[in-house]
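Please construct the entire structure, taking both the sequences and the accompanying hints into account.
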Amino acid sequence: MLELAAFLLLTACGSEVPPSATPTAIRHRQNIKKWRSAQALSDAYVPEVRAGNLAALGKIRHVPFALYINSMHERIHPVYEEELAAAREAYPQLRGEADMAVLLEIAVNQGDGRLARLGVARSSGSVAFDMVALEAVRRAAPFEAPPQLLVSPGGKVYLHWMFHTDPHQACAPINARPFMLASAPAAAAAGQQPVPDHLTGQDRSAPMAGAAQQGAARPPPSTRFRWACPFPDEADKNGIDTASVVLQASVGIDGSASSVTVLHDPGNGFGQAAAACAMRKDYTPGKDRSGAPIVATTPPITVHFVRGEATTASIPGAVQLEAAR
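Position 235 of the sequence shown, counted from 1, bears residue number 235 in the numbering used here, the numbering being contiguous throughout.
Rather than coming from a laboratory, the hints here were simulated on the basis of the structure. Just so you know, these numbers come straight off a predicted model, no measurement behind them. Each statement offered as a hint is correct.
Using C-beta positions, here's what the derived DEER-type ranges look like:
1. D254 with G58: 28 to 34 angstroms
2. Q93 with G291: 49 to 55 angstroms
3. E144 with V306: 21 to 27 angstroms
4. I294 with A85: 46 to 52 angstroms
5. S250 with A85: 40 to 46 angstroms
Here are the computed lysine-lysine pairs in the DSS-like style, where the Cα-Cα straight-line distance is at most 30 angstroms:
6. K281 with K59
7. K281 with K237
8. K287 with K59
C-beta: ideal position from N, C-alpha, C; glycine also.
If you want it as structure tokens, here you go:
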């Protein structure tokens, strides 16, 4: 794991390709060797997010986590598209229609937003594709310094993020799940890198049961759904191709929205367009302890705009799932 720390340090010092550079198939092949020697691939990487050391996220962290995940996605997405395109040139097996998915563990330093840890928690079965996701996150870093509220003991923010070859899922924020650790990992607390151990056959990265947010109104029962939102004219004129808006809707007992609050607005008319869409939608009303419908507010909803494609909305992992209490 010392090799991984050194590899990430090189990135932090700016010695590798910046996010704006175009990757090549040659660099892609070379970096597979680097990631293998850094013990970041699934046969050697040991996640720090483990059952038995998880704390509940708590409602107070839902919105901050959703906003932080979206800010990371804005940096990762364009780099991920470049890396995947280069990998498909080099590896014919990545050109098929069947979806591949790899789960990464990402740990971000509290103070400066740089990567503290990065590795494959669950492989796609293709080292070439696993490396695409690793490279995308490494090149996109550093990220914004995370707020203290999101930081686990040990000074890191932890995410498990699923990356897909399917362009409709890709590295969407809905595929990112945040975690809070109950205590600093033993190796980190001792000032040492974790030592790889042997798998017992149990999937350490399997999702924990989610905790429902009592009383909250929800969109229709789906994690990702289509919204007929027109692409903003202002964004069209300014040549903006994609953006994400985070909002919440206040929902009455009849399931209709009475008001919408935009939590994150990237500008160029996206916030206004998303709010207008949210006002037109039907929701599942919140319920009290007896099961009676009540006026309530939805969890944060992320509305994704992509030029030329249908607008989609999702509830990010930050507000869908919590660690088991």
